[in-house]
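Engineer: Please construct the entire structure, taking both the sequences and the accompanying hints into account.
For reference, the chains in residue letters:
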Amino acid sequence: MDSASAPFDSALFPEGTKRCQFKWFLFWVAVLHGPLMIGVIAALMCWGLALNVTYLNNNYPFGLWIAADLGIIALGAGAFFTGFLRYIVNIEELKNIVNYAVVIGVICYATAQGILGVDIGQPLRGWFIFWHANVHSMLTEVAFCITCYSWSCASSISP
Amino acid sequence: MKEVHHEAEEHHGAHKKTYKYGMVVDLDKCTGCGACMVACMAENNLPFRKDNSDRVRSQLWMRVYKISNGRPFPDTDISYIPRPCQHCEGSGHHHTPCVSVCPATATDYSHETGIVSQVYTRCFGCRYCMAACPYHVRVFNWWDPTWPKGMEKYLNPDVSVRMRGVVEKCSFCYHRYQRAKNKAYAEGRRELHEDEYQTACTQACPAGAITFGDLNNPEHKVHKLKKSRYAFRLLEKLGTNPKVYYVSTRDWVRKAGKAYAGEEAKGVTHVTHA
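Chains A and B are the protein sequences, given in the same order. Just add 846 to the spot in the first sequence (first one is 1) and you have this note's numbering. Just add 17 to the spot in the second sequence (first one is 1) and you have this note's numbering.
Do not take every clue at face value.
Claimed, not checked - Some chain B residues judged to face chain A by a derived CB distance under 10 Å, without partners named:
hint: 1; residue: Cys146
hint: 2; residue: Phe157
hint: 3; residue: Asp161
Said to hold, decoys possible - Sample of chain B residues with no beta-carbon within 10 Å of chain A, all distances over it, derived:
hint: 4; residue: Arg74
hint: 5; residue: Asp92
hint: 6; residue: Thr93
hint: 7; residue: His111
hint: 8; residue: Cys119
hint: 9; residue: Ala148
hint: 10; residue: Trp164
hint: 11; residue: Lys166
hint: 12; residue: Arg196
hint: 13; residue: Glu236
hint: 14; residue: Ser245
hint: 15; residue: Arg250
Rather than coming from a laboratory, the hints here were simulated on the basis of the structure. Glycine is no exception: its CB is placed at the ideal position from the N, C-alpha and C atoms.
Structural biologist: Rendered as structure tokens:
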């Protein structure tokens, strides 16, 4: 690529790639924002209209979201463990992927907590899980773990 | 409270350590009329919807199930099972299912009365307790509670209404226990009489199928009734040790109540009472 016509940030492009046209950029951004907007609208509906909008009922108090939540947490756990292997066990080969992995970990744990914030009936009382913690509950353990892991991942990518 | 019970013990002699309130329901007497459900809703300020026949999303603390032996005529037989919260005591390494899973200690087991409580202002609506309860006694407030205009004046002032997003359940009319206790204390007593504390469903049952009282107190009717050879508890094998006993002279009813899977439940169809 001619250095005169190349974009000013071309040094940051991965090798062998080039910037696409602006319209294609907008198209793919719109595609990626589709699912995100569904989630945002669903969250606003849950908060505004109460959880009856989910069509869950007293016989099925947990919905498919729990599978999504656990999947996201599992993916985040992979990222967290990759960080552990790189920074604590010092496995040199992981140095090329560890940054991406940790970023994904932060996104996963933050998303999992965000989903829980939508799903619980009284989100403003979510902190009761720490304040009035019942140590016999698995959910208490999960809450403490994903909070610690997300802080741990976030701190490892902080400047 | 412990001193109180020691005093009560000395006063009464036969009393064990604490109260252990429980219920005995005679299924052979129950006609399935639903008066217990109505009385419970009125007593405990349960909201209702335009179409309250949507059982899986309606608020019901006391619910009457209908079961059938599944046999063709003339051997057909049915039974109704009124089902309040079972107020599981747990036993050994078995815990009260909802109490052990609640992450915010919003539900607790009272060793003073044996009643499983629900703290509405602490519950944040994760619904883990609903998933854990083997009896489906817990209901979630999927909507904000509403009453037809003017009807809010008939709400029971002793029972708080619940906001949306929290789980609720039968409390054995705990406010009645508090009221009876206050009255007894004011009169200088430390012991409640059997008739001083009765739940709304017990009083409403026209067939006299429900009996309520202290399971530890030999003077209370439930103490004797629960020892009947026809007495059983729902899903007894789970080890939840419920304080609601059922009595039926019919074998298949007892079998249906205890059984929960496979061969044991064979030939028994469970139908929700509409």
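Engineer: Was Lys166/B rightly flagged as not at the interface, with every chain A Cβ beyond 10 Å?
Structural biologist: The assertion about Lys166/B holds, with a minimum of 21 Å to chain A.
Engineer: Hey, is Trp164/B genuinely clear of chain A, shortest beta carbon separation above 10 Å?
Structural biologist: Holds, because the least Cβ-Cβ distance between Trp164/B and chain A comes to about 17 Å, which exceeds 10 Å.
Engineer: Should the label of Thr93/B as a non-interface residue stand, given a Cβ cut-off of 10 Å to chain A?
Structural biologist: 27 Å, holds
Engineer: Does Arg250/B sit more than 10 Å from chain A, CB to CB?
Structural biologist: Holds: least Cβ distance 22 Å, greater than 10 Å.
Engineer: Does Phe157/B meet its interface restraint, that is, does its C-beta lie within less than 10 Å of any C-beta in chain A?
Structural biologist: 6 Å, holds
Engineer: Holds or violated: the hint that Cys146/B contacts chain A, with Cβ atoms closer than 10 Å.
Structural biologist: Cβ of Cys146/B sits 9 Å from chain A, so the hint holds.
Engineer: Minimum Cβ separation between Glu236/B and chain A greater than 10 Å?
Structural biologist: With a cut-off of 10 Å, Glu236/B remains clear of chain A, as the shortest Cβ separation is near 36 Å.
Engineer: Far enough from chain A: is every CB of that chain over 10 Å from the CB of Asp92/B?
Structural biologist: Given that every Cβ of chain A is farther than 10 Å from that of Asp92/B, nearest at about 30 Å, it holds.
Engineer: Confirm or reject the statement that His111/B sits farther than 10 Å, beta carbon to beta carbon, from all of chain A.
Structural biologist: 13 Å, holds
Engineer: Double-check Asp161/B for me: the hint is only fine if its C-beta lies closer than 10 Å to a C-beta in chain A.
Structural biologist: 6 Å, holds
Engineer: Taking the minimum C-beta separation from Arg196/B to chain A, is that value above 10 Å?
Structural biologist: 27 Å, holds
Engineer: Would you say Cys119/B is clear of chain A, with no C-beta pair closer than or equal to 10 Å?
Structural biologist: 6 Å, violated
Figure legend: structure checked against the earlier numbered hints; hints not met, in rising order: 4, 8 and 9.
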